[in-house]
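Those protein sequence lines, which keep their order, are chains G and D.
Counting from 1 along the first sequence, just add 1 to a position and that's the residue number in the working numbering.
Counting from 1 along the second sequence, just add 1 to a position and that's the residue number in the working numbering.
Hints are not guaranteed to be accurate.
Below, computed lysine-lysine pairings styled on DSS-like, alpha-carbon distance capped at 27 Å [said to hold, decoys possible]: (1) LYS139(G) x LYS60(D); (2) LYS97(G) x LYS8(G); (3) LYS139(D) x LYS75(G); (4) LYS60(D) x LYS75(G); (5) LYS148(G) x LYS29(G); (6) LYS22(D) x LYS139(G); (7) LYS97(G) x LYS149(D).
Simulated from the structure, these hints should not be mistaken for lab results.
Next come the chains, spelled out residue by residue.
2 protein chains.
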Amino acid sequence: MKTTLRKATKQDLQPVLDLVKELALYEKAPQEVTVTLADYETDFENNVFEIILAEQESKIVGIAFYYMAYSTWKGKMLFLEDFVVKEELRGQGIGKLIFRAYLEEARRQNVSIAKWQVLDWNEPAINFYEKYNSTIEKQWFNGKILKKDFDEIIGLM
Amino acid sequence: MKTTLRKATKQDLQPVLDLVKELALYEKAPQEVTVTLADYETDFENNVFEIILAEQESKIVGIAFYYMAYSTWKGKMLFLEDFVVKEELRGQGIGKLIFRAYLEEARRQNVSIAKWQVLDWNEPAINFYEKYNSTIEKQWFNGKILKKDFDEIIGLM
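Just chain G, with the same shape it has in the complex (with noise of 0.2 Å):
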């Protein structure tokens, strides 16, 4: 079947945010998705990020979902942020071609680096970024606080 990439416009932010949720129940994590069509919508019309869509037959089978980052030491970076082909539809090269056009546009807005996190579990996933030449770092964990113990933590300090 004929796969087409085009970017998101804001129309398409309602059955992106399906599909996450889709990939969450999957996870076993729906509960965990509590972000809004609306928040999706403001921040979108804000530019913080862009999406690649991989579709077929007009219906949404992959997506690339990125963001500017930067670092101090070499500039712009494009973050790959999700990137995610349908379950039922691995395995047909849809998440090279995502891939490559994720590429294509940290190219075309020259930024220094492309980059993204992978779970150190998720072999397949390892197994695709080392056949293109990632470097993959393993010495770097992530922090992070919650915005419910924003308030908490700045207290204490």
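For this one, chain G is given, so just place chain D on it according to the hints.
Frame of chain G; chain D shown alone:
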């Protein structure tokens, strides 16, 4: 000595870059700082990042360098890319002041998550973050492709 905090303006970018370079030298990687002052200026004017400065007697003694990131599940995140106190001034509580100001900024910008990375061997930093009830996640790898390799990798795909 009294430490004051404020947001950086365009005029501060040169001393910020000097500090970044000083630290890269300390880390024996001065050649890794390839960003230029012109890059910082353009990207700052385009609101790609913001910086909180800590100063003593009008000299910069530390920075929090952050930008808006985005989670498909949670929405806006404020990503702390660089958080630094001048080597010779550590242990005075300047880091705590800066980190607190960063969290206040995260609260003010109404983001879902304040997020950053820390090297796995950097125990003093990890202890600092854990003191403030941060979650430290160890199961993510970073993937990256550098600009110089975009053409070749796109050609492979």
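Could you tell me which of the hints above the structure violates, numbers in ascending order?
1
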